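Number of protein chains: 4
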Amino acid sequence: MKIAVLHGSTRENGNTEYLTYEAVPKEKATHIYLRDHLIQPIIDERHSKEGFPEVNDNHTKLIDQMLEHDILVFATPIYWYGMSGPMKTFIDRWSQIMRDPSYSHFREELGKKKAYLIAVGGDNPKLKGLPLVQQFDYICQFYGMSFEGYVLGEARKPGDIKQDKAALEAAFELVKEL
Amino acid sequence: MKIAVLHGSTRENGNTEYLTYEAVPKEKATHIYLRDHLIQPIIDERHSKEGFPEVNDNHTKLIDQMLEHDILVFATPIYWYGMSGPMKTFIDRWSQIMRDPSYSHFREELGKKKAYLIAVGGDNPKLKGLPLVQQFDYICQFYGMSFEGYVLGEARKPGDIKQDKAALEAAFELVKEL
Amino acid sequence: MKIAVLHGSTRENGNTEYLTYEAVPKEKATHIYLRDHLIQPIIDERHSKEGFPEVNDNHTKLIDQMLEHDILVFATPIYWYGMSGPMKTFIDRWSQIMRDPSYSHFREELGKKKAYLIAVGGDNPKLKGLPLVQQFDYICQFYGMSFEGYVLGEARKPGDIKQDKAALEAAFELVKEL
Amino acid sequence: MKIAVLHGSTRENGNTEYLTYEAVPKEKATHIYLRDHLIQPIIDERHSKEGFPEVNDNHTKLIDQMLEHDILVFATPIYWYGMSGPMKTFIDRWSQIMRDPSYSHFREELGKKKAYLIAVGGDNPKLKGLPLVQQFDYICQFYGMSFEGYVLGEARKPGDIKQDKAALEAAFELVKEL
Numbered sequence: 001m002k003i004a005v006l007h008g009s010t011r012e013n014g015n016t017e018y019l020t021y022e023a024v025p026k027e028k029a030t031h032i033y034l035r036d037h038l039i040q041p042i043i044d045e046r047h048s049k050e051g052f053p054e055v056n057d058n059h060t061k062l063i064d065q066m067l068e069h070d071i072l073v074f075a076t077p078i079y080w081y082g083m084s085g086p087m088k089t090f091i092d093r094w095s096q097i098m099r100d101p102s103y104s105h106f107r108e109e110l111g112k113k114k115a116y117l118i119a120v121g122g123d124n125p126k127l128k129g130l131p132l133v134q135q136f137d138y139i140c141q142f143y144g145m146s147f148e149g150y151v152l153g154e155a156r157k158p159g160d161i162k163q164d165k166a167a168l169e170a171a172f173e174l175v176k177e178l
Numbered sequence: 001m002k003i004a005v006l007h008g009s010t011r012e013n014g015n016t017e018y019l020t021y022e023a024v025p026k027e028k029a030t031h032i033y034l035r036d037h038l039i040q041p042i043i044d045e046r047h048s049k050e051g052f053p054e055v056n057d058n059h060t061k062l063i064d065q066m067l068e069h070d071i072l073v074f075a076t077p078i079y080w081y082g083m084s085g086p087m088k089t090f091i092d093r094w095s096q097i098m099r100d101p102s103y104s105h106f107r108e109e110l111g112k113k114k115a116y117l118i119a120v121g122g123d124n125p126k127l128k129g130l131p132l133v134q135q136f137d138y139i140c141q142f143y144g145m146s147f148e149g150y151v152l153g154e155a156r157k158p159g160d161i162k163q164d165k166a167a168l169e170a171a172f173e174l175v176k177e178l
Numbered sequence: 001m002k003i004a005v006l007h008g009s010t011r012e013n014g015n016t017e018y019l020t021y022e023a024v025p026k027e028k029a030t031h032i033y034l035r036d037h038l039i040q041p042i043i044d045e046r047h048s049k050e051g052f053p054e055v056n057d058n059h060t061k062l063i064d065q066m067l068e069h070d071i072l073v074f075a076t077p078i079y080w081y082g083m084s085g086p087m088k089t090f091i092d093r094w095s096q097i098m099r100d101p102s103y104s105h106f107r108e109e110l111g112k113k114k115a116y117l118i119a120v121g122g123d124n125p126k127l128k129g130l131p132l133v134q135q136f137d138y139i140c141q142f143y144g145m146s147f148e149g150y151v152l153g154e155a156r157k158p159g160d161i162k163q164d165k166a167a168l169e170a171a172f173e174l175v176k177e178l
Numbered sequence: 001m002k003i004a005v006l007h008g009s010t011r012e013n014g015n016t017e018y019l020t021y022e023a024v025p026k027e028k029a030t031h032i033y034l035r036d037h038l039i040q041p042i043i044d045e046r047h048s049k050e051g052f053p054e055v056n057d058n059h060t061k062l063i064d065q066m067l068e069h070d071i072l073v074f075a076t077p078i079y080w081y082g083m084s085g086p087m088k089t090f091i092d093r094w095s096q097i098m099r100d101p102s103y104s105h106f107r108e109e110l111g112k113k114k115a116y117l118i119a120v121g122g123d124n125p126k127l128k129g130l131p132l133v134q135q136f137d138y139i140c141q142f143y144g145m146s147f148e149g150y151v152l153g154e155a156r157k158p159g160d161i162k163q164d165k166a167a168l169e170a171a172f173e174l175v176k177e178l
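Residue numbers (full-length UniProt numbering), protein chains in the order written: chain A, 1 to 178; chain B, 1 to 178; chain C, 1 to 178; chain D, 1 to 178.
Hints listed in this document are in silico derivations from the structure and should not be mistaken for laboratory results. Computed from a predicted structure; not experimentally measured. A portion of the hints provided could be inaccurate.
It does not matter which identical chain is meant; a pair holds if it fits inside one copy or across any two.
[As the list claims (entries may be wrong)] With a straight-line Cα cutoff of 30 Å, these simulated DSS-like cross-link-like pairs (lysine-lysine) come out:
1) 49 to 176
2) 126 to 112
3) 162 to 112
4) 157 to 112
5) 112 to 165
6) 126 to 2
7) 49 to 28
8) 114 to 28
9) 2 to 157
10) 61 to 114
11) 2 to 49
12) 61 to 162
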């Protein structure tokens with residue numbers, strides 16, 4: 001089972017990354033840091049005659065890489081009670097992928113994968129992160145992905161996550177295929 | 001009471017806009033279309049020594065404009081069960097505004113405002129849009145904004161929203177100050 | 001299409017009933033007032049050898065009545081952010097019905113029905129009633145019932161619901177089959 | 001810090017109890033089994049002239065016992081995506097307690113307490129139990145109780161909970177005051 005971790009943090013070595021490595025050590029997976037890639041925001045052209053224009057960025061390269069794996073771990077800091085902007089932008093563009101004839105099997109392919117969510121926030125994330133978990137569940141349902149589990153961690157300042165023993169333990173146990 | 005509407009759609013004259021004009025006619029408010037403005041994604045530098053670098057875009061201009069109003073209506077299509085990328089990026093950057101000495105009253109100022117949410121989606125939004133409503137509620141709670149109401153509309157193809165009579169009626173009644 | 005309304009209020013002619021009659025006038029449906037019927041709490045015997053003991057109350061009579069209709073409207077005051085105790089007890093006992101050989105088609109039968117929810121609360125129900133809506137959605141999903149819509153009304157003291165114009169209008173439009 | 005555990009299970013020694021003893025061993029707390037006590041359903045008389053009639057059951061005795069403790073652990077099986085009927089009935093009756101002159105300090109007293117939730121279900125409880133967690137959070141907010149944490153366990157048949165290692169570990173760490 002090949003594992004890919006999609007990191008939505010905008011900071012290097014932040015709390016979310018720390019918790020995520022507890023779940024999926026660096027050497028056990030392909031770690032993709034969305035911040036290192038140019039991803040344009042979506043412009044919704046689903047209903048225009050010309051369809052979506054080609055976009056000159058790294059998005060399809062990332063999609064290709066993602067599709068080569070069986071298990072997808074989405075790791076994001078909680079920004080304003082949702083996923084980070086970079087991760088949102090990455091996922092928003094899936095709407096475009098679904099209209100792309102070169103990716104006609106995108107939905108079906110995702111439907112074969114297992115997904116996990118790791119999210120870290122500073123404002124009571126174990127409660128206020130629940131809507132994010134529910135959204136992620138809806139995304140998985142849409143694609144038929146199996147949503148296998150999630151961990152919510154609490155951290156405000158750099159390094160705080162080390163105090164959240166419960167989250168660290170839960171992360172360590174999270175990915176059953178490891 | 002001055003009203004500002006913040007539009008998160010990436011398409012002009014889409015379903016979300018149609019529903020929003022039902023709630024707040026064009027001439028009754030300042031309508032701000034986020035898609036017309038350059039807004040850079042946030043890079044989280046809350047914890048770096050230098051703080052956030054200056055960003056060369058339209059974000060603070062939009063913030064200034066927003067703060068001049070008493071009532072804020074957030075209108076967004078539902079993308080993947082959350083707000084649109086442009087609206088997420090706009091709000092994510094509020095974290096930077098809060099660290100900006102020129103905006104030391106930002107949180108307090110927002111705390112005096114009333115907020116409304118209008119969101120339109122194609123996949124059972126009256127249920128699957130609820131996590132978005134809850135996130136928006138948490139955002140309002142953080143700033144002390146009074147969350148006065150929301151409308152969820154259903155539409156898939158252009159023009160579909162005209163069939164959602166319940167949403168149109170609810171939108172028409174939404175903003176009590178009109 | 002035959003409509004049954006299941007009323008969970010413990011008070012007669014309360015706010016929830018008022019709003020519900022706006023959605024389903026008395027003469028247009030079978031109105032069942034759970035408070036008028038003896039319904040014992042469930043005792044979970046799913047896993048005991050003897051199975052569930054026979055219970056001497058009105059529950060199966062109500063189930064029979066419910067199953068004769070095509071559309072089920074669940075109307076409940078919001079007690080502590082959930083459905084009322086009587087409605088909860090009524091639904092909890094469905095677990096027993098599912099083990100009863102005389103009701104082997106219970107789940108399948110419910111799966112053919114359409115369901116609506118009407119709920120009225122005093123503490124910000126349009127936000128704090130959302131978990132109840134989500135629970136109800138999960139119940140519908142379990143049985144394969146089609147969850148067609150819901151209305152959340154706000155009322156604290158008797159008669160207050162008359163001020164919630166938005167809920168009254170939404171209730172009036174709620175049941176599409178009327 | 002004195003701990004009371006309120007058990008909402010209707011079965012003895014079920015999965016919820018097993019998980020709960022992992023969090024709070026028998027000898028470390030007062031364990032109250034709601035099923036052993038007669039608790040009448042609420043009849044809403046908040047708005048009748050005579051107020052609530054006296055009810056001849058064990059409810060106030062349980063309330064007295066609950067109030068003698070500093071930390072309250074609510075342990076319930078998940079029935080139809082909500083708390084069990086007995087626990088719902090127990091909490092519904094708090095509305096009556098609040099109108100009882102002998103309990104004029106009820107809300108204030110609860111506001112000094114810390115609360116935990118343990119819930120076990122068979123149908124994807126780590127996702128479908130989230131609305132229950134949110135409801136419990138609203139209950140805590142109403143009283144000003146500090147909601148300190150929750151654990152959701154998965155179990156369908158008797159003994160299944162022993163397979164949910166993540167829940168058992170999380171339960172073991174749950175109550176910080178132990």
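Verification of the hints:
1. In the homo-oligomer, the alpha carbons of residue 49 and residue 176 never lie at most 30 Å apart, since the shortest distance is 45 Å inside one protomer and 34 Å across protomers.
2. In this assembly of identical chains, the alpha carbons of residue 126 and residue 112 lie at most 30 Å apart whether taken from the same copy (29 Å) or from different copies (21 Å).
3. For the identical chains of this complex, residue 162 and residue 112 are inter-copy neighbours only, at 29 Å across copies versus 34 Å inside a copy, given an alpha-carbon limit of 30 Å.
4. For the homomeric pair residue 157 and residue 112, the shortest alpha-carbon distance between copies (28 Å) is at most 30 Å, but the shortest distance inside one copy (37 Å) is not.
5. For the identical chains of this complex, residue 112 and residue 165 are inter-copy neighbours only, at 26 Å across copies versus 32 Å inside a copy, given an alpha-carbon limit of 30 Å.
6. When the C-alpha separation of residue 126 and residue 2 is checked against a cutoff of 30 Å, the pair qualifies both within a copy, at 29 Å, and between copies, at 25 Å.
7. For a Cα distance limit of 30 Å, the shortest separation of residue 49 from residue 28 qualifies neither inside one copy, at 44 Å, nor across copies, at 33 Å.
8. When the C-alpha separation of residue 114 and residue 28 is checked against a cutoff of 30 Å, the pair qualifies only within one copy, where the shortest distance is 16 Å, while the shortest distance between copies is 40 Å.
9. In this assembly of identical chains, residue 2 and residue 157 lie within 30 Å of each other by CA distance neither inside one copy nor across copies; the values are 33 Å within and 33 Å between.
10. For the identical chains of this complex, residue 61 and residue 114 are intra-copy neighbours only, at 20 Å inside a copy versus 43 Å across copies, given an alpha-carbon limit of 30 Å.
11. Proximity of residue 2 to residue 49 under the C-alpha cut-off of 30 Å is found in neither arrangement, the shortest distances being 39 Å within a copy and 38 Å between copies.
12. Within a single copy, residue 61 and residue 162 get their C-alpha atoms no closer than 34 Å, and across copies no closer than 39 Å, so neither meets the 30 Å cut-off.
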